[in-house]
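Visitor: Model the full structure from these sequences, guided by the hints.
Listed in order, the protein sequences are those of chains G and R. Per the working numbering, residue 15 is the first one in the first sequence, and the count goes up by one each step. Per the working numbering, residue 15 is the first one in the second sequence, and the count goes up by one each step.
The hints are simulated quantities; they were obtained by calculation from the structure and are not laboratory data. Do not take every clue at face value.
Which copy? The list can't say, so a pair holds if one copy fits it or any two copies do.
Here are the simulated DSS-like pairs of lysine-lysine, each with C-alpha atoms no more than 30 angstroms apart in a straight line [as the list claims (entries may be wrong)]:
1) Lys33 x Lys49
2) Lys340 x Lys49
3) Lys340 x Lys33
4) Lys33 x Lys79
5) Lys340 x Lys78
6) Lys49 x Lys72
7) Lys340 x Lys45
Number of protein chains: 2
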Amino acid sequence: MFISDKLVAVLGDNSWIRKMYDRSCALQREKPYEKIYDLSLGNPVFEPPPIVVATMVKLLQSGKKGLHRYLPNQGLVMAREWVAAFINQRSRAASITSDLVMMSGGAGGAINIVLNTLLNPGDEVLIFQPYFVEYTHYIHNFAGVVRFVPTTPTFRPDLAAIEVALNPRSKVLLINSPNNPTGVVYSAEELQGLAELLLRAGRRFGHEIALVSDEPYTRIAYDGVAVPSVFDFYPHSFIASSFSKDLALAGERFGYIAVSPHCADAQRTMEALVSSQRVLGFVNAPSLLQHVLPELGDAMVAIEPYQQNRDTLYQQLLSSGYRCVKPQGAFYLFPEAPGGDDLAFIEAALRHNLVLVPGRTFGCPGHVRISFCFEPAYIEATLGIFSRLAHEFGIG
Amino acid sequence: MFISDKLVAVLGDNSWIRKMYDRSCALQREKPYEKIYDLSLGNPVFEPPPIVVATMVKLLQSGKKGLHRYLPNQGLVMAREWVAAFINQRSRAASITSDLVMMSGGAGGAINIVLNTLLNPGDEVLIFQPYFVEYTHYIHNFAGVVRFVPTTPTFRPDLAAIEVALNPRSKVLLINSPNNPTGVVYSAEELQGLAELLLRAGRRFGHEIALVSDEPYTRIAYDGVAVPSVFDFYPHSFIASSFSKDLALAGERFGYIAVSPHCADAQRTMEALVSSQRVLGFVNAPSLLQHVLPELGDAMVAIEPYQQNRDTLYQQLLSSGYRCVKPQGAFYLFPEAPGGDDLAFIEAALRHNLVLVPGRTFGCPGHVRISFCFEPAYIEATLGIFSRLAHEFGIG
Chain G
15 MFISDKLVAV LGDNSWIRKM YDRSCALQRE KPYEKIYDLS LGNPVFEPPP
65 IVVATMVKLL QSGKKGLHRY LPNQGLVMAR EWVAAFINQR SRAASITSDL
115 VMMSGGAGGA INIVLNTLLN PGDEVLIFQP YFVEYTHYIH NFAGVVRFVP
165 TTPTFRPDLA AIEVALNPRS KVLLINSPNN PTGVVYSAEE LQGLAELLLR
215 AGRRFGHEIA LVSDEPYTRI AYDGVAVPSV FDFYPHSFIA SSFSKDLALA
265 GERFGYIAVS PHCADAQRTM EALVSSQRVL GFVNAPSLLQ HVLPELGDAM
315 VAIEPYQQNR DTLYQQLLSS GYRCVKPQGA FYLFPEAPGG DDLAFIEAAL
365 RHNLVLVPGR TFGCPGHVRI SFCFEPAYIE ATLGIFSRLA HEFGIG
Chain R
15 MFISDKLVAV LGDNSWIRKM YDRSCALQRE KPYEKIYDLS LGNPVFEPPP
65 IVVATMVKLL QSGKKGLHRY LPNQGLVMAR EWVAAFINQR SRAASITSDL
115 VMMSGGAGGA INIVLNTLLN PGDEVLIFQP YFVEYTHYIH NFAGVVRFVP
165 TTPTFRPDLA AIEVALNPRS KVLLINSPNN PTGVVYSAEE LQGLAELLLR
215 AGRRFGHEIA LVSDEPYTRI AYDGVAVPSV FDFYPHSFIA SSFSKDLALA
265 GERFGYIAVS PHCADAQRTM EALVSSQRVL GFVNAPSLLQ HVLPELGDAM
315 VAIEPYQQNR DTLYQQLLSS GYRCVKPQGA FYLFPEAPGG DDLAFIEAAL
365 RHNLVLVPGR TFGCPGHVRI SFCFEPAYIE ATLGIFSRLA HEFGIG
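Guide: Listed below in structure tokens is the structure:
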């Protein structure tokens with residue numbers, strides 16, 4: 015066996031995502047003249063705001079030198095200032111400065127860098143079920159231990175369950191709001207509750223517990239719902255985020271990490287994050303985009319198509335008899351699988367040329383994930399399928 | 015202490031690089047009206063070939079959709095085909111296909127991905143002294159053990175020393191040719207010798223030993239010297255490389271990994287590398303550049319300024335009495351520090367407004383590294399300083 019035990023385990027665990035991808039491809043081969051509706055991936059079809067592309071072109075044609083050179087590992091000051099201003103604008107405290115921001119690869123890279131910086135082998139990371147499927151791998155990369163924490167039936171943080179899960183090896187609570195796969199947005203009260211609980215636990219165990227907020231969907235929230243900043247509630251908090259969704263730059267791997275100014279050893283922790291980015295081989299966030307960001311103002315992708323998709327899909331599911339939490343943000347729905355067996359429902363959907371992801375991928379069997387980051391017309395074409403599936407499963 | 019023991023160690027080890035950077039900045043502040051010559055960094059001042067920028071602009075203005083979306087973790091087939099053709103062109107065997115190539119972040123990311131894929135905790139990685147300073151951190155990231163192997167006095171691979179270092183925990187030999195910091199290029203005979211030795215050891219220990227070739231300087235070699243491909247000599251070999259130097263895209267973090275078709279479990283190993291790229295959070299190589307690469311043909315940066323710099327600096331060092339191996343590739347010189355104390359020499363150089371890196375950074379005290387990836391006029395302006403330093407140290 016040439017590859018490491020850790021990667022053998024990862025390969026074994028790939029099966030579900032890979033299987034759905036393979037099924038989707040096979041389906042298209044089997045039915046070359048039929049339309050396949052693949053709502054399995056969170057890869058938005060929308061393009062970046064025009065100013066992103068225009069600024070890239072302007073800089074490339076400007077003759078300005080050094081746009082593609084190594085940058086300081088922490089990133090360009092101007093880009094970090096943009097991020098600091100963005101975070102402060104969302105926060106009551108508004109107290110972060112650019113020296114506590116590092117530009118990084120996408121949020122996946124950012125979370126790896128944070129975990130590498132914080133975890134000693136055996137340290138525990140708490141994650142809520144359902145969880146983004148890669149979290150467990152990120153934690154295992156650095157010999158951390160995953161501690162799953164159930165949420166309430168409507169996927170809200172369950173303080174009692176967290177209290178039970180906390181123990182002296184707890185080092186990090188990793189949260190994601192707006193949430194993939196549920197669309198839930200944690201309220202100020204919920205973050206306040208989490209903060210009090212973590213502070214008490216930290217005092218009890220004699221060490222701080224880090225709150226890491228994975229928030230690439232911060233700017234994708236509906237009906238004007240507020241997405242409060244963890245920095246307003248808990249001192250030892252970290253933001254790991256990206257421009258993958260709100261600037262539609264998922265493939266360019268561009269994001270950032272921010273440390274709360276009230277975090278223990280904040281400056282030294284940022285120094286360690288910068289070193290971590292270097293030694294993991296990320297080195298610096300993509301250089302051209304770091305030059306572009308400061309010129310973007312508050313440009314972002316149009317949220318209207320997402321809101322429209324959420325509304326039409328949610329209405330259809332509800333009127334067809336599905337049980338589903340209404341997403342407040344992100345671009346996923348996570349209904350219960352009619353009949354209770356997510357795999358049986360996924361198979362039935364495939365027979366209707368519809369590709370979904372089983373909830374067990376997210377540690378939550380009995381549900382399915384529907385991604386709606388597609389053109390509204392594409393989503394509308396699937397509504398009848400959901401209705402027919404409801405009839406088949408006897409809920410419609 | 016909020017940060018992990020591993021990162022505390024990395025921070026402690028940062029001291030030399032950081033110190034030289036701080037000294038360079040301090041020097042410029044102390045002497046605002048004097049010119050400081052900073053030859054400490056391998057961050058080329060040259061721009062990418064015009065076709066790189068032109069193709070980026072062309073694609074950005076084409077209205078083509080999806081240039082910035084997530085790509086398959088392994089990368090675009092067209093980009094992988096470019097890499098396969100490039101590798102085959104340099105190899106007698108010419109047998110690699112695009113399914114054994116993955117597009118990745120820069121070479122630093124690529125090496126981390128390879129090590130994460132291959133190493134179980136406690137597995138040993140052999141590296142030659144002098145070594146690129148980050149290698150030890152890359153190995154420690156995945157709980158690997160570093161085994162230093164001395165080279166000959168002219169920095170060539172020393173087969174007897176490697177034989178002594180090999181043991182049942184040996185898993186990887188990590189090499190770098192053309193070499194940073196010495197400029198040495200390993201010959202076909204040397205690679206053949208390494209291969210035979212590794213094959214014998216693999217048979218003795220009952221497991222294959224991987225040969226990982228870090229080769230971002232492959233296209234930067236002088237006097238027409240051949241840079242042979244490891245794929246021609248050893249079955250279990252990996253290439254980890256980037257376009258940082260030959261396309262001057264260091265800040266964009268764009269490179270690749272290739273697995274020899276003769277490697278044990280080659281296909282499955284590539285699958286594991288692809289998963290490793292995903293779970294470490296690299297996800298995919300920058301998407302726009304993956305679309306650009308297939309259109310670049312054999313464009314690369316002009317090598318003439320580097321060759322000119324090597325010639326003038328090497329001549330100056332030789333005629334001033336320094337002892338130095340003549341670099342065959344890359345853009346560094348690694349002379350002995352006159353007087354034998356690299357730190358004393360570095361301090362003396364700073365008094366002449368010249369910033370170099372002490373050899374101890376590369377596990378090789380008694381030498382200094384001179385980077386020459388700068389405009390020839392900038393390099394020429396330093397020649398007199400090297401001559402004056404020679405006099406000061408009594409060798410001129």
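Visitor: Evaluate each hint against the coordinates.
Guide: The hints, checked one at a time:
| no. | hint | verdict |
| --- | --- | --- |
| 1 | Lys33 x Lys49 | within (20 angstroms within a copy, 61 angstroms between copies) |
| 2 | Lys340 x Lys49 | within (28 angstroms within a copy, 63 angstroms between copies) |
| 3 | Lys340 x Lys33 | within (28 angstroms within a copy, 54 angstroms between copies) |
| 4 | Lys33 x Lys79 | between (46 angstroms within a copy, 27 angstroms between copies) |
| 5 | Lys340 x Lys78 | neither (48 angstroms within a copy, 34 angstroms between copies) |
| 6 | Lys49 x Lys72 | neither (39 angstroms within a copy, 32 angstroms between copies) |
| 7 | Lys340 x Lys45 | neither (33 angstroms within a copy, 63 angstroms between copies) |
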